[in-house]
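Asks: Chains as they are written, first to last, in the working numbering: chain A, -4 to 422; chain B, -19 to 284; chain C, 2 to 293.
Any given hint could be a false lead.
Only pairs whose alpha carbons sit at most 25 Å apart, straight line, appear in this in silico DSS-like list of lysine-lysine [claimed, not checked]:
#1 K89/A / K279/C
#2 K152/B / K66/A
#3 K30/C / K418/A
#4 K418/A / K89/A
#5 K280/A / K158/C
#6 K158/C / K89/A
Quick partial rundown of chain B residues pointing at chain A, CB under 8 Å, derived from the structure [claimed, not checked]:
#7 P47
#8 Q128
#9 T130
#10 T132
#11 F212
Quick list of simulated restraints, FRET-style, between CB atoms [stated by the list, open to error]:
#12 I134/B / G221/A: 56 to 62 Å
#13 Y88/A / Y100/C: 32 to 38 Å
#14 F108/A / Y100/C: 38 to 44 Å
#15 G96/C / A117/B: 33 to 39 Å
#16 A275/A / G62/C: 50 to 56 Å
#17 H17/C / Q165/B: 17 to 23 Å
#18 H17/C / K155/B: 50 to 56 Å
#19 T112/B / H17/C: 52 to 58 Å
#20 F18/C / S36/A: 33 to 39 Å
#21 K155/B / G96/C: 40 to 46 Å
#22 P85/A / M169/B: 43 to 49 Å
#23 N13/C / A275/A: 55 to 61 Å
#24 Y100/C / L62/A: 56 to 62 Å
Derived from the structure by calculation, the hints contain no laboratory data. We put the CB at the ideal spot given by N, CA and C, even for glycine.
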Amino acid sequence: MSAANNNTIDIKKSFVDAILAGLISLIVFGPIVGVVLQGYSFNMEPMRVAWLVGIVMVGRFFLSLFLQTEKGLSVLQGFERPGSGVHVLPPDYKSRLRWVIPLVIVLAIIFPFMANKYVLTVVILGLIYVLLGLGLNIVVGLAGLLDLGYVAFYAIGAYGMALGYHYLGLGFWTVLPLAAVAAGLAGCILGFPVLRMHGDYLAIVTLGFGEIIRLILNNWLSFTGGPNGMPVPSPTFMGLEFGRRAKEGGVPFHEFFGLDYNPDLKFIFIYTVLFLVVLAVLYIKHRLTRMPVGRAWEALREDEIACRAMGLNHVLVKLSAFTLGASTAGLAGVFFASYQGFVNPSSFTFFESALILAIVVLGGMGSTVGVVIAAFVLTVAPELLRSFSEYRVLLFGILMVLMMIWRPRGLIRISRTGVTPRKGVAP
Amino acid sequence: MDGIFLQQMINGLTLGSVYGLIAIGYTMVYGIIGMINFAHGEVYMISAYLAAISLALLAYFGIESFPLLILGTLIFTIVVTAVYGWTIERIAYKPLRNSTRLAPLISAIGISLILQNYAQISQGAQQQGVPTLLEGAWRMEVGNGFVQITYTKIFILVAAFVGMAFLTYVIKFTKLGRMCRATQQDRKMASILGINTDRVISYVFIIGAAMAALAGVLITMNYGTFDFYAGFVIGIKAFTAAVLGGIGSLPGAMLGGIILGIAESQFSGLVNSDYKDVFSFSLLVLILIFRPQGLLGRPLVAKV
Amino acid sequence: MNEEEIILSVDNLMMHFGGIKALSDVSLKVKRNSIFALIGPNGAGKTTVFNCLTGFYKATGGHIELNMRGTTTNVIKMLGEPFRVTDFFSPKRFGSRLYYKMFGGTHLINRAGLARTFQNIRLFREMSVIENLLVAQHMWVNRNLLAGVLNTKGYRKAESDALDHAFYWLEVVDLVDCANRLAGELSYGQQRRLEIARAMCTRPKIICLDEPAAGLNPQETEALSAMIRHLRDDHDITVVLIEHDMGMVMSISDHIVVLDHGNVIAEGGPEQIRHDPKVIAAYLGADEEELV
Chain A
-4 MSAANNNTID
6 IKKSFVDAIL
16 AGLISLIVFG
26 PIVGVVLQGY
36 SFNMEPMRVA
46 WLVGIVMVGR
56 FFLSLFLQTE
66 KGLSVLQGFE
76 RPGSGVHVLP
86 PDYKSRLRWV
96 IPLVIVLAII
106 FPFMANKYVL
116 TVVILGLIYV
126 LLGLGLNIVV
136 GLAGLLDLGY
146 VAFYAIGAYG
156 MALGYHYLGL
166 GFWTVLPLAA
176 VAAGLAGCIL
186 GFPVLRMHGD
196 YLAIVTLGFG
206 EIIRLILNNW
216 LSFTGGPNGM
226 PVPSPTFMGL
236 EFGRRAKEGG
246 VPFHEFFGLD
256 YNPDLKFIFI
266 YTVLFLVVLA
276 VLYIKHRLTR
286 MPVGRAWEAL
296 REDEIACRAM
306 GLNHVLVKLS
316 AFTLGASTAG
326 LAGVFFASYQ
336 GFVNPSSFTF
346 FESALILAIV
356 VLGGMGSTVG
366 VVIAAFVLTV
376 APELLRSFSE
386 YRVLLFGILM
396 VLMMIWRPRG
406 LIRISRTGVT
416 PRKGVAP
Chain B
-19 MDGIFLQQMI
-9 NGLTLGSVYG
1 LIAIGYTMVY
11 GIIGMINFAH
21 GEVYMISAYL
31 AAISLALLAY
41 FGIESFPLLI
51 LGTLIFTIVV
61 TAVYGWTIER
71 IAYKPLRNST
81 RLAPLISAIG
91 ISLILQNYAQ
101 ISQGAQQQGV
111 PTLLEGAWRM
121 EVGNGFVQIT
131 YTKIFILVAA
141 FVGMAFLTYV
151 IKFTKLGRMC
161 RATQQDRKMA
171 SILGINTDRV
181 ISYVFIIGAA
191 MAALAGVLIT
201 MNYGTFDFYA
211 GFVIGIKAFT
221 AAVLGGIGSL
231 PGAMLGGIIL
241 GIAESQFSGL
251 VNSDYKDVFS
261 FSLLVLILIF
271 RPQGLLGRPL
281 VAKV
Chain C
2 MNEEEIILSV
12 DNLMMHFGGI
22 KALSDVSLKV
32 KRNSIFALIG
42 PNGAGKTTVF
52 NCLTGFYKAT
62 GGHIELNMRG
72 TTTNVIKMLG
82 EPFRVTDFFS
92 PKRFGSRLYY
102 KMFGGTHLIN
112 RAGLARTFQN
122 IRLFREMSVI
132 ENLLVAQHMW
142 VNRNLLAGVL
152 NTKGYRKAES
162 DALDHAFYWL
172 EVVDLVDCAN
182 RLAGELSYGQ
192 QRRLEIARAM
202 CTRPKIICLD
212 EPAAGLNPQE
222 TEALSAMIRH
232 LRDDHDITVV
242 LIEHDMGMVM
252 SISDHIVVLD
262 HGNVIAEGGP
272 EQIRHDPKVI
282 AAYLGADEEE
292 LV
């Protein structure tokens, strides 16, 4: 197409587009939005339909105009070529943003002394989702396996805490590693048979698995307490409790250290441990992407057949990603249970899996920094915009579709580390 | 023969025929673009709302005869749901034709969330219902009990089988069906031969949505209640049916639906109805492990 | 030929897809340290033979045996065979079959020492060239998770060795300048060469090349021939290739097998094949009756 032809913008075409879109949206929105069921009768809501159709028409009109401009054409062509957005860094590349890491750590250390309880809990929740996002990012972003039942492993961690305390008297510190192991084991058992099959089946099997776990938690009243859930004890530090008074002759934390009683102490403690765990997971993930197993995950995402021809056992490599992701969720579950003080099945619905997936999608497949930021944006923003909470899920859905169309790799550019060329050594 | 067993058999058959209708949408889309359309269950959910809305509207206009009511509802629901199917494909899947393998799956999850929340916001989170359209039942003494078949169930069976027979005819004997089958075998070759494959893919989504709409009307008639979350569980079950029959195979979807419906009804009748969903999902996992090609599907040979 | 000299032997290989008989009865023997070519018209079943050899297809019948690194490998057993009645009486056989069913597969063939390339290039397109070569050395580096996370000395040494090795093969295929580029960005010819280097990085004894010269210009083909000879002469590698470029096949092969309709119709040295009437008929499409 020559540039001269491009300059003419066909407004008539845009009008036609807009009217067609309006008609379609009238059919689509008309009945569901316009006629609200009330028992066996209904109420008419024509204004809502008019608004929606209007928005669609105006939006389509401007989209159509924009796509006729040169910039729009280039955007359209951008869809045609796949695989853009990844680049290799020069060998001795040092990020200019390296100073951010110590800054964040310093801020994180000061933070609990400044924040009130509400802010503290919001940040704890954000960190829990960072953990979940990092775990799922290994599975989805690095290994390219779509896990839609990720919340099941989260639930295993959380219920592991509750059940472990209730039936076996286990405390926070015992359960923390055990939950990671248990969730990993569950991932292993589920993953081993499923991962040898065609990739898409994994998505639906994990979706089913997530629902099975939730249904069992919900229906097994005698064991899990059913929909009412179960209480979870507060964590302790070296046997010291964070309550005003300790149970059964123990010494509370604040008395032992001669501090004033602070009701937020439990949250500060959870925050501290959680922050350390997140740092550790971040470091491990950073190492993993540079290790043979991390490379194998990404290679498997790129081309499974080639991997098998390279001597990689594709089932075990996928299984390692799936298991590691699951055990990270198990860890997050323990923190969630301790933070909330009780667990019930309604925290582990499919929406939760979708939210975690949205974090990974927004943050970028395989990007660590992106996931951390996205986790905070998607968990903290709903807290700030409480009046929009009704639309939260809708926004996640729109976000996922738009991101897939516009930037399937996420907002942050993926970079690969470079290597200094050297002289080869013959085998 | 045991009365409960026979009763569950009949319940299972009606339920299964409806699963089969929804499974058709999964199996056809999978056959043609190799993607699991996660939003399909939600399309069914939307059609349940549409059916209830249409019944309410028709009642408002004073139409009370059953044939007119059901005919009007079927036409309205199928047409509008088909438009939904088309729109979803257009917005969420078509731009991703050349994208990575995960992109359409995630986009489908997004659409699924959008539709659920959209129904919840516009219609409210409460359960919705429709009045019973067909009263009465047919009873029969069997051994130590009796079996009851409501006229609604008979209608569902007939309608589902008519729907499936019609679709089989379309796919087997019409030009559209030939184009679908050609595109399913080899999309590139079909487009070289002058088939507009994009349009065929759109048709497949429309057909799938129409079948889900038929299922939506029938299930709504049978149970009388539904909510915005109804599509999720039934979607997974219909997918199970599609896998059980062999994904990509049309008769397989119908057979799989019926087998799953009967198995599930027997399980809830004989063992425990609380865990019937767990049973179906476990069945899905087991099928995928032991017979991933399903009953009528052909084993997959990876192209190297 | 003496038994020790045979690195790969295929006996009565059969491969059926549903009702289609892709291979009806293929037997061939590949001599150690030679260049072996598999030719035949389109649809003759060459790639199917390759896929059976490299473990991507589980052959319907027959026997494939690799004889290298001092052991013999039964390819079909590695892929996991169905249980037989007798297995249930012998726990050891049952165990081994179960093991291969669970953990067996294509990768074991590569680990036995057989590497391959693909007709339609299969690189890890969004990974850098050097990463492609490192992935191929997965079985040769330190895969201990703890060592990797802690970045121990042994781990660093193994990684460094892998890099040395990777750069050696980059030099051989003349791609050192591209080490830090994405594999998907390379030109077609470069991608073909990278695929060979990647296969070589798995440190095989046999390399199977599926149409390595397809889409290359005459100069590139010449360079490829030289490289293949270099592999045979300096690296003790046995090369098995499928190729349509007859000039190249005739010039480099030590032994040629011609397939048509899933059957071996001729074998021998390049001179013998060039004058075989059956081969000429298969390529030119004459009826066999006319020839007799």
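Asks: For each hint, tell me whether it holds in the structure or not.
Replies: Right, here's what the structure says about each hint:
{"no.": "1", "hint": "K89/A / K279/C", "verdict": "violated (64 Å)"}
{"no.": "2", "hint": "K152/B / K66/A", "verdict": "violated (46 Å)"}
{"no.": "3", "hint": "K30/C / K418/A", "verdict": "violated (38 Å)"}
{"no.": "4", "hint": "K418/A / K89/A", "verdict": "holds (24 Å)"}
{"no.": "5", "hint": "K280/A / K158/C", "verdict": "holds (21 Å)"}
{"no.": "6", "hint": "K158/C / K89/A", "verdict": "holds (23 Å)"}
{"no.": "7", "hint": "P47", "verdict": "violated (20 Å)"}
{"no.": "8", "hint": "Q128", "verdict": "violated (25 Å)"}
{"no.": "9", "hint": "T130", "verdict": "violated (19 Å)"}
{"no.": "10", "hint": "T132", "verdict": "violated (17 Å)"}
{"no.": "11", "hint": "F212", "verdict": "holds (6 Å)"}
{"no.": "12", "hint": "I134/B / G221/A: 56 to 62 Å", "verdict": "violated (38 Å)"}
{"no.": "13", "hint": "Y88/A / Y100/C: 32 to 38 Å", "verdict": "violated (45 Å)"}
{"no.": "14", "hint": "F108/A / Y100/C: 38 to 44 Å", "verdict": "violated (58 Å)"}
{"no.": "15", "hint": "G96/C / A117/B: 33 to 39 Å", "verdict": "violated (58 Å)"}
{"no.": "16", "hint": "A275/A / G62/C: 50 to 56 Å", "verdict": "holds (54 Å)"}
{"no.": "17", "hint": "H17/C / Q165/B: 17 to 23 Å", "verdict": "holds (20 Å)"}
{"no.": "18", "hint": "H17/C / K155/B: 50 to 56 Å", "verdict": "violated (34 Å)"}
{"no.": "19", "hint": "T112/B / H17/C: 52 to 58 Å", "verdict": "holds (56 Å)"}
{"no.": "20", "hint": "F18/C / S36/A: 33 to 39 Å", "verdict": "violated (60 Å)"}
{"no.": "21", "hint": "K155/B / G96/C: 40 to 46 Å", "verdict": "violated (56 Å)"}
{"no.": "22", "hint": "P85/A / M169/B: 43 to 49 Å", "verdict": "holds (44 Å)"}
{"no.": "23", "hint": "N13/C / A275/A: 55 to 61 Å", "verdict": "holds (57 Å)"}
{"no.": "24", "hint": "Y100/C / L62/A: 56 to 62 Å", "verdict": "holds (57 Å)"}
The structure fails hints 1, 2, 3, 7, 8, 9, 10, 12, 13, 14, 15, 18, 20, 21 (numbered hints given earlier, in ascending order).
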